[in-house]
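Okay, here's what each chain looks like letter by letter:
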Amino acid sequence: MPMTGYAGRILRVDLTKRTWQKEVLDPELALRFIGGRGFNAFRMFREIPGGTDPLSADNKLFFATGPLAGTLLPGARFNVSAKSPQTGIFGDSNAGGFFGPEMKFAGYDQIILEGKCSELSYLLITADGVQFKPAAHLAGMDVWQTTTEIRRELGDSRVQVACVGPAAENGVKFCGIFADLARPAARTGMGLVMASKNLKAIAVRGSKPITIADRDRFLRLLKEIDEMIFNHEQYKPRCALGTTRLLSSLNALGCLATRHYLTGRFEKANDVSGERLASTWKTKSKACFACTIPCSRFFIVKEGPYSGLRSEGPEFEGLAGFSSRVGNGDLGLALKGVDLCNRYGMDVISTSECISFAMECAEKGIISAKEADGLDLSWGNGETILTLIRKIAYREGFGDVLADGVRAAAEKIGRGSEELAMHVKGLEIFQADPRGLKGYALGLAVSSRGADHLRSEPSFEFSEDREEAIRRYGVPEAAFRLEYKGKGRLVKDFEERSALADCIEICKNTVVNMEVIYFEMAAALLKAVTGLDTEPSDVQKACERVVNLERCFNVREGLSRADDTLPRRFLEEPLGPECGPSAGSVVELRPMLEEYYEARGWDIETGIPTPAKLADLGLTWATPH
Amino acid sequence: MYDLRVVVDHIKGSCDMPMHPGDYFEVRGSRIYIPDNKYMCLWALQSLMAILPAKQRDSSDPDDWLPAARYMSCPDPNGMVIFRIDRIERTSSESGVGANGPGIKIKPELCSGCRACELACSFSRAGVFDPGVARIRVDKDEPEGHDIPIVCRQCADAPCVNACPFGALHKDKTTGAILVTYEKCKGCRKCEAACPNRAVFFHRETKKVLICDLCGGDPKCVSRCVTGAITVREPSEKEGECR
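Residue numbers (the working numbering), protein chains in the order written: chain A, 1 to 625; chain B, 1 to 243.
Just chain B, same shape as in the assembly:
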């Protein structure tokens, strides 16, 4: 099961509720959490209801469209509030995804939003400072003060690997990292659509996939993070203990 954050991504029409971009609520287990002093439009909520439990569940079927579908519109044709459904964290590791492997652990509530991780990544891998070629990025919601490092979490069932039609991705048996055979990558972006964490990126020039490979065991983003938002998950640690 995943926890979800449902965010007002943008508003195409005119919402008189009014909802504002950045407004959000969270779904944790079977509970809906609306932040203090915020509200949620009943009509929009009823249009989202059916998909929320579906987005919470795991799916390893590469043909399943659910992991990739993220945007939902409110039903008011004049309002057109577009909601984005983000999977924020896994609530339990029972389904086995990444349960016992090593990997990156994220605590968004500690992230200062400084983006040093992006620079450390690009400097270590490309020898330059360039967030555009980093394999990690910090998603920021400035009005709400959310900073969320987005990076590969080494899922055990690796939907990106399953989604690649060219066999360009595989999972390293020892480190659990997703590794890329660049000659095989055609830049088709099927892995991007399959990733539940939105953690697959593409190189600006080569158009090929960029995905965290744990720097071979010593992730530079982790060593540059001073707040403890990005740490290494020990093999024995269950992913569900992240939060």
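The shape of chain A in the complex, shown without the other chains:
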């Protein structure tokens, strides 16, 4: 039976031999791994042997989108995965915008890139296959220039371009792959993998329809989802502010990453908040593909030294990264910092961590101004912040020390800086203070790509809904952010909800945070769209399978329970009295971890999935030796 919903083909490109082939999507794979991140996890485990050098031609780069992307479901996305040169483990990043659906309209659920181009190139991918294009003229161009130039030379403004900027070409470890100018798959250095393959960009242009198995049923389900979204209490604030609303709300809770987590309250939060941006320079709301929640924004800076700066964005992570995290109260400067990262092609979380780490090191006397090229590393120094972003991107002077990520920078600097490096497994921590969000803290510690909130996003812990917490997780504490009980089971559930969003490739805000699509609805949608016979329990199991397989990948790379931890500050130093409701809080990691391993069916001593659990998930072949 031909599958609907899916594009039905996987494109495998050999960059060394300049050849490509189309493989038929196996329906069994579709049932077991759904799509997107699930497809990538399967290929990653199967095709990248343990110990592979992430920057060698043996590493592979996987792009995948999901069965529900490209339909009218709100907010289509795509995942990019490879072994990470930044962390040395499972690398993966997800982005919205328009690239994912275009890839599907071109006829591919997944694109696999193997080998390495002999010279700097870009690919044009259409329904007809792959064209290898020379890209010497694009060398050194930033993300905006590259995207604009490729569209111009192909004479098609509707071509979707995913590209890397100069930072990736210069070997910066935390480089992303950027689509739609400012929508990056930014985390874990996927841009550097692409650059290491001498690949500047992938341009896709679709010309094929996406078909639906049961159109009437699909429209009925869509109507149900529409109503859930439009009637949701978060609908209006999300339309107005998107993720930028978190800056002021986390600040009020006393857990906004401020001056490198020295405190959870930023005294200038009102000057740099999402509300401030919305009431001053926001010119209109923007949205990803087919989304009913236009949570993004376009802005034009209207005054000050960055007057005229314009872009889509920023999201909360960039906005807080270049304001509270580095101690800067100038909104224009924060926007400029995000814009520079977008143009050079770097992850805003990692970049802002590297800079704020350097600032704390300087404050503590661990590094001198001389070591930092004479830069004044005091909190919020705008010139230093912008100079360091550029120096990192071009690996100049002190920027070269930071360009390998904060873990490597601290190893180089030494002198006790190691415990100030705010990362897990080599990936830098986001802009909320984990001490104020215990479920998120656990999620950061166990995530398969290193410190990352988007692997679990357990936003239920803000709900304060006791009864629902008891029903779902057995204890009322699970609904309260400062409690640690029940968080192991909460994070397990939300890891699977997040895996669901990443596999069907629909926005996590809708699927996870607003809880609009859970396994029942997902199974109904998958049935209506793909025609595959799947039950809610099958969908849940597929998501659990993805989480377990990613864990197995990392175990094969040598990771175990000892790596599931957080920087010492979050475990031992309580948030200060100025942090209001979060004051005095630290992360009780150990009991949460043990509850989590137990909920997962993993060995509590080692954190490794048990053979019984893997057999239950049909993953016996991935059992660690």
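Warning: the hint list may mix true and false statements.
Simulated pairs of lysine-lysine, DSS-like, Cα-Cα distance not exceeding 27 Å [said to hold, decoys possible]: (1) A:541 - A:527; (2) A:236 - B:140; (3) A:508 - B:140; (4) B:207 - A:208; (5) B:105 - A:282; (6) A:508 - A:541; (7) B:105 - B:12; (8) B:184 - B:140; (9) A:208 - B:12.
In case anyone wonders, no lab produced these hints; they're calculated from the structure.
Here the structure is a predicted model, which means the values were calculated and not measured.
Please build the complex by placing chain B on the supplied structure of chain A, with the hints as guidance.
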């Protein structure tokens, strides 16, 4: 009269001004508006001057080349900056075009650029999700943040109808929509050239014309648009009130 947006479409040579693709200015009535912190090359402007008032005016003559001519080059043979002149909106309805009929109303400043309208159109008309067969498309200028839904605006004098040599198009008396007799369409694209809104599309496979027919009175793009960028213009509403 039309308002115009003059956009740097691409640069064939090397402009040392420099102008950049996406740079634009607008002509509203007799005024030129250049966005904050942008500039316009004097030499290029002087080469465009004569055609701007001509592009602003209405023309229903099917042999008039002005509605179709959109690209102008700067006079510097080394620069070769190519400008595209888009008609963005009608400033008054006095000339009668679409003045009192129903139709689609566009507010580009509200458009989030999500393109759900394209999917709603293709799903409703072709039963699949495929922007390539939609009768509406969103033109996007990402660096400048412009998103402009391009769709038939049911002009009263319908230059596309007049331009068709085969009589394949006609205007529905009640809805004002342009309807197609597909047996007559030869895919010659004369209607495309005549359309002042660039709102005529062609099917990828059949090569025949695709034009909004208002879904028979309940446009699916409108019901899918959450921002209010695409709405239905009531018969009593003058088109000039769009902006």
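Status of the hints after comparison with the structure:
Distance restraint check for residue 541 of chain A and residue 527 of chain A: the Cα-Cα separation of roughly 16 Å lies within the 27 Å cut-off, and the hinted pair is therefore satisfied. Our distance criterion of 27 Å between C-alpha atoms is met by residue 236 of chain A and residue 140 of chain B, whose separation comes to about 25 Å. Simply put, residue 508 of chain A and residue 140 of chain B have alpha-carbon atoms about 25 Å apart, close enough for the 27 Å limit, and the pair holds. Restraint check for residue 207 of chain B and residue 208 of chain A: satisfied, since their Cα atoms lie roughly 15 Å apart, inside the 27 Å limit.
The suggested pairing of residue 105 of chain B with residue 282 of chain A holds, with an alpha-carbon distance near 24 Å, which does not exceed 27 Å. The suggested pairing of residue 508 of chain A with residue 541 of chain A holds, with an alpha-carbon distance near 19 Å, which does not exceed 27 Å. Between residue 105 of chain B and residue 12 of chain B the CA atoms are separated by roughly 35 Å; this puts the pair beyond 27 Å, and the hint is violated. Using a Cα cut-off of 27 Å, the hinted pair residue 184 of chain B and residue 140 of chain B is violated, with the two alpha carbons roughly 33 Å apart.
Pair hint residue 208 of chain A plus residue 12 of chain B does not hold up; C-alpha atoms about 32 Å apart against a cutoff of 27 Å.
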